[in-house]
Amino acid sequence: MDVATNGKKIEQELEKVVIRFAGDSGDGMQLTGSQFSFTSAILGNDLATFPDFPAEIRAPQGTLEGVSGFQVQIGKIDIYTPGDQADVLVAMNPAALKSNLQFVRRGGNIIIDSDAFTDRNIEKAGFPTNPLEDGTLSDYNVVEAPISSLTKSALEGLQLDNKSIMRSKNMFALGMMYWLFDRSMRETENYIDSKFRKTPALAEGNKRALHAGYHYAETIEALPSRYRVPAAKIEKGVYRHISGNTATAWGLMAAAEKAGKKLFLGSYPITPASDILHELSRYKNMGVITLQAEDEIAAVCSAIGASYAGQIGATTSSGPGIALKSEAINLAVMAEVPVVIIDVQRGGPSTGLPTKTEQADVNIAVFGRNSESPLIVIAASTPSNCFDTAYLAVKLAVEHMTPVIMLSDGYLANGSEPWKFPKLADLPEIRINHPKTPQNGSFYPYLRDSETLVRPWAIPGTPGLEHRIGGLEKQDVTGNVSYDPKNHEKMVHLRAEKIARVANYIPEQSVIGSGDAQTLVVGWGGTFGALFTAVTELQRSGVRVDFAHFSFLNPLPRNTSDLLRRYKKILVCELNMGQFATLLRGRTAHPQIVSYNKVQGQPFLVSELKEAILKHVNEI
Amino acid sequence: METVDTPPATKQYTKKDFESDQLVRWCPGCGDYAILAAMTNALPQLGIPRENFVFVSGIGCAARFPYYVNTYGFHTIHGRGPAFATGIKLANPQLSVWEIQGDGDALAIGGNHFIHALRRNIDINIILFNNEIYGLTKGQYSPTSPTGLVTKSTPYGTIERPFRASDLVIGAQGTFYARTIDTNPKLMAEIFVEAAKHKGTSMVEVLQNCVIFNDDAHAAVTAKENRDDFQLHVKHGEPLLFGKDKKKGIRLNGLKPEVVTLGENGITEKDILVHDAHSEDPTLHLLLARMAPPHFPMALGVIRQVRAKTFDEAMAEEVEKVKQTARYHSVDDLLRSGETWEIK
Numbered sequence: 001m002d003v004a005t006n007g008k009k010i011e012q013e014l015e016k017v018v019i020r021f022a023g024d025s026g027d028g029m030q031l032t033g034s035q036f037s038f039t040s041a042i043l044g045n046d047l048a049t050f051p052d053f054p055a056e057i058r059a060p061q062g063t064l065e066g067v068s069g070f071q072v073q074i075g076k077i078d079i080y081t082p083g084d085q086a087d088v089l090v091a092m093n094p095a096a097l098k099s100n101l102q103f104v105r106r107g108g109n110i111i112i113d114s115d116a117f118t119d120r121n122i123e124k125a126g127f128p129t130n131p132l133e134d135g136t137l138s139d140y141n142v143v144e145a146p147i148s149s150l151t152k153s154a155l156e157g158l159q160l161d162n163k164s165i166m167r168s169k170n171m172f173a174l175g176m177m178y179w180l181f182d183r184s185m186r187e188t189e190n191y192i193d194s195k196f197r198k199t200p201a202l203a204e205g206n207k208r209a210l211h212a213g214y215h216y217a218e219t220i221e222a223l224p225s226r227y228r229v230p231a232a233k234i235e236k237g238v239y240r241h242i243s244g245n246t247a248t249a250w251g252l253m254a255a256a257e258k259a260g261k262k263l264f265l266g267s268y269p270i271t272p273a274s275d276i277l278h279e280l281s282r283y284k285n286m287g288v289i290t291l292q293a294e295d296e297i298a299a300v301c302s303a304i305g306a307s308y309a310g311q312i313g314a315t316t317s318s319g320p321g322i323a324l325k326s327e328a329i330n331l332a333v334m335a336e337v338p339v340v341i342i343d344v345q346r347g348g349p350s351t352g353l354p355t356k357t358e359q360a361d362v363n364i365a366v367f368g369r370n371s372e373s374p375l376i377v378i379a380a381s382t383p384s385n386c387f388d389t390a391y392l393a394v395k396l397a398v399e400h401m402t403p404v405i406m407l408s409d410g411y412l413a414n415g416s417e418p419w420k421f422p423k424l425a426d427l428p429e430i431r432i433n434h435p436k437t438p439q440n441g442s443f444y445p446y447l448r449d450s451e452t453l454v455r456p457w458a459i460p461g462t463p464g465l466e467h468r469i470g471g472l473e474k475q476d477v478t479g480n481v482s483y484d485p486k487n488h489e490k491m492v493h494l495r496a497e498k499i500a501r502v503a504n505y506i507p508e509q510s511v512i513g514s515g516d517a518q519t520l521v522v523g524w525g526g527t528f529g530a531l532f533t534a535v536t537e538l539q540r541s542g543v544r545v546d547f548a549h550f551s552f553l554n555p556l557p558r559n560t561s562d563l564l565r566r567y568k569k570i571l572v573c574e575l576n577m578g579q580f581a582t583l584l585r586g587r588t589a590h591p592q593i594v595s596y597n598k599v600q601g602q603p604f605l606v607s608e609l610k611e612a613i614l615k616h617v618n619e620i
Numbered sequence: 001m002e003t004v005d006t007p008p009a010t011k012q013y014t015k016k017d018f019e020s021d022q023l024v025r026w027c028p029g030c031g032d033y034a035i036l037a038a039m040t041n042a043l044p045q046l047g048i049p050r051e052n053f054v055f056v057s058g059i060g061c062a063a064r065f066p067y068y069v070n071t072y073g074f075h076t077i078h079g080r081g082p083a084f085a086t087g088i089k090l091a092n093p094q095l096s097v098w099e100i101q102g103d104g105d106a107l108a109i110g111g112n113h114f115i116h117a118l119r120r121n122i123d124i125n126i127i128l129f130n131n132e133i134y135g136l137t138k139g140q141y142s143p144t145s146p147t148g149l150v151t152k153s154t155p156y157g158t159i160e161r162p163f164r165a166s167d168l169v170i171g172a173q174g175t176f177y178a179r180t181i182d183t184n185p186k187l188m189a190e191i192f193v194e195a196a197k198h199k200g201t202s203m204v205e206v207l208q209n210c211v212i213f214n215d216d217a218h219a220a221v222t223a224k225e226n227r228d229d230f231q232l233h234v235k236h237g238e239p240l241l242f243g244k245d246k247k248k249g250i251r252l253n254g255l256k257p258e259v260v261t262l263g264e265n266g267i268t269e270k271d272i273l274v275h276d277a278h279s280e281d282p283t284l285h286l287l288l289a290r291m292a293p294p295h296f297p298m299a300l301g302v303i304r305q306v307r308a309k310t311f312d313e314a315m316a317e318e319v320e321k322v323k324q325t326a327r328y329h330s331v332d333d334l335l336r337s338g339e340t341w342e343i344k
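Protein chains in written order, with the numbering used here: chain A, 1 to 620; chain B, 1 to 344.
Here chain A stands alone, though its shape is the one from the complex:
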């Protein structure tokens, strides 16, 4: 980077840039990252975020275990991922530097709080010697800023204790980034005013730190250049910021409101799904009932009970909780009662990596129940797509009288993006028809619609339709308990066929690409952004490869077999050991379905995907 002359600094325009904030869990890095993202969204950048934090709430200060990170990519072009490597890293202590250096591009900028680089902290982070002095960082442009002490002096005279002062240093770092990327501080100032409405001294302290950081960055010579990332050309309309978990919560609410029903959420706290429960518990005035159940099982059972009683029953969880819910989900399969199960996937097996992302719940979602147990499985592809997917999950559940499992993941749940949000009026209708009177004097709870094979949803409180349902095999049409062998076989087929016919009510699978490639890259769920970016970048450079991203895992879109047959090789990329690939092999009999897998609790990088795809394309 060239040094500025005459006090004037150089400005560089960038198409996109990746920034990573890292510090102790208590340093407020998530807040700093979201503020930077929000300000950038308002300026018209497209962006995607990726919070990367530990399972421990506050691991010991200064340790590697306690490091919390937040990555955001902003651009003047469409952005689909939070970026592979950071162009700028803000590291608040040696531990943050140590665990995040691997994510920084060689030649990138690293801004560190030099006050935090004490011998003790350096040792705690596991550096043998001081990384600022031993050449560890020689490939990077390092800005050593005494953030702690400058924050302290900026806040002098305010009636604040040392702890409060030190908690403002994230604002100092944010201020530096605002100068570096030429962003206004207004949105964050508004945020501070509103957050510390009741404690003006804290509001003042945070704002002073923010400004001090901004002016410090402007002054020091270590930052000779500032960057400009102009607004992206994005579709016209009104936008907001949304995270995957919030979008999921609102999607459920939107569907319930559209259907004229109450939304009942039975849930048990579990990372990374709890935020959906938190969000929904706020809107009790809008017909949302939330029950924090005594366990995962009670959570799903109460939701099924609510659906049986005629409302929209839903439950939210992650892998370990889904395992506990299996028996109850199977009851809903057997009794044919609608219920929505949201699985925010995380690394496993067992407790695994609670805060890290993975896509390894395909098997449990599609197959993880005793006996023949068909149900609908759909997956969200981006944070904002969680809204549409949750909405669709409700629509499919009530229109087809079945449990629907929606797969989200930790990456989508906590990631966020700008979203051109819809109006309720523009969302698809949800058709519910509760029978009111018996047909010909009798009511048959398992008399099916001839097209969809869906049974009637008669709800308690309706005179004349009193009937009994349950988990025992039932006689076709009447629903009475039946152990007749032929009847059982018929019912197994009917339940399977009912779900198979859902394929008639979902869109066919589309392809991104020219259609004349020999290799089809297949993905599903939360890897959309990385896969889309990788494939389209390859396509632009002349590589012949097509891309199909699946939202419907069961049933598969009805053109799936035909579509796959058009390609010589199917490369399924997923964050597991090949579960969707196995499913496709079983369902389509395509002879060459191969996998590219990653199981590190981290999302795909665009670069690694491009490399893998290119290798497979060239091998043909």
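Think of the hints as simulated: they come from the structure by calculation, not from any bench. Even for Gly, the Cβ is constructed at its ideal location relative to N, Cα and C. Among the clues, some could well be false.
Stated by the list, open to error - Simulated pairs of lysine-lysine, DSS-like, Cα-Cα distance not exceeding 27 Å: (1) B:K309 with A:K284; (2) B:K246 with B:K270; (3) B:K309 with A:K16.
Stated by the list, open to error - Sample of chain B residues with no beta-carbon within 12 Å of chain A, all distances over it, derived: (4) Q12; (5) G47; (6) S57; (7) A63; (8) I122; (9) Q140; (10) T154; (11) D167; (12) G171; (13) P185; (14) D215; (15) K235; (16) T261; (17) I267; (18) D281; (19) L286.
Keeping the supplied structure of chain A fixed, place chain B upon it in accordance with the hints.
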């Protein structure tokens, strides 16, 4: 306190209206028949439209009950009945929800849901069929089997200590606990009516006989020759008297109950403990519920009945409160909330 009452029935029902057309498949002589009869006798007395009743159950012999009652019914999975019942009641508070459980269903696999339903005090009625054995799986010991009971899975006798359902109700801050026996249809029907009237989780324990795997488990209380001396029928506000001529009674000696006889050692009715089912303090309820032969009679009837805010009432209140201050009233409001920006 706001309560959601089920609308009154416009029709006078009979027992027959509540009998389903399904063949009842319990063993001949099973106590469940008597409970079913008492229930179909009680339901017409409640003045609730038949379509507003929902019977929920888990798994076990008792759990087949909903199939035999001509109301809405949901035969669910093992031990989880209270959770389903909770969802049903919260989704539609106008429903009269009954939850049928066996001792294994309620106190072993479903113990967690059982205590949490009671803790929340949601307005449902739990009927516990306690035969101290697993019947449907053919005779293993249950959490209420007495220590030493020889069963299929305890050929040398169980070495476990049994639960008392009443202890769990009190421990979970339950507001209604009654105990009855399958040999007294009149008492059963009366108690079912009381349970239905109670706002909050009503827990009725029925001492039920399994003729096949644990016959005469409750004979110390229910046998004809034991009836007078080992059944204490409690009524709120009345002295705790029992025996053939109601000459025996329960007196409190410090914190211990003792059996005394009127007229002996100068004992008069004034010395006899008077039953207060409505006392918030559960100490005496626990004391009464724990009495058992051979040294004491077993207390039958409504032992505890305390009015406390139900979960559904609290929820309705909360909704009203939130409505006063809520900033958003529809999903469209929510979508537009917070910071939005326009790209032109």
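### Query
Is the Cβ of P185 of chain B more than 12 Å away from each Cβ in chain A?
The claim holds: P185 of chain B sits with its nearest Cβ about 24 Å from chain A, beyond 12 Å.
- Does D167 of chain B sit more than 12 Å from chain A, CB to CB? holds, 19 Å
Worksheet entry | Interface-negative label, D281 of chain B against chain A, beta-carbon threshold 12 Å | At about 26 Å from chain A, D281 of chain B clears the 12 Å cut-off, so the statement holds.
Worksheet item: Has the given pair, K309 of chain B with K284 of chain A, been kept, meaning a C-alpha gap of at most 27 Å?
Response: Holds, because 19 Å separates the two Cα atoms, which is no more than 27 Å.
Was G47 of chain B rightly flagged as not at the interface, with every chain A Cβ beyond 12 Å? The claim holds: G47 of chain B sits with its nearest Cβ about 15 Å from chain A, beyond 12 Å.
Q. Against chain A, does D215 of chain B keep a CB gap of more than 12 Å to every residue?
A. Answer for D215 of chain B: holds, closest chain A Cβ roughly 27 Å.
Please verify that the nearest CB of chain A lies beyond 12 Å from L286 of chain B's CB. holds, 23 Å
Open item on the list: Over 12 Å from every CB of chain A: does A63 of chain B meet that, or does the non-interface label fail?
Closed with: violated, 9 Å
May I ask you to check that Q12 of chain B keeps its beta-carbon over 12 Å from the closest beta-carbon of chain A?
holds, 15 Å
Problem set entry | Distal placement of T154 of chain B relative to chain A, Cβ over 12 Å | holds, 26 Å
Query raised in the report: Q140 of chain B: least C-beta distance to chain A exceeds 12 Å?
Result: holds, 20 Å
Holds or violated: are the alpha carbons of K309 of chain B and K16 of chain A at most 27 Å from each other?
Distance of about 58 Å is beyond 27 Å: violated.
Checked against the numbered hints above, the structure breaks hints 3, 6, 7, 8 and satisfies the rest.
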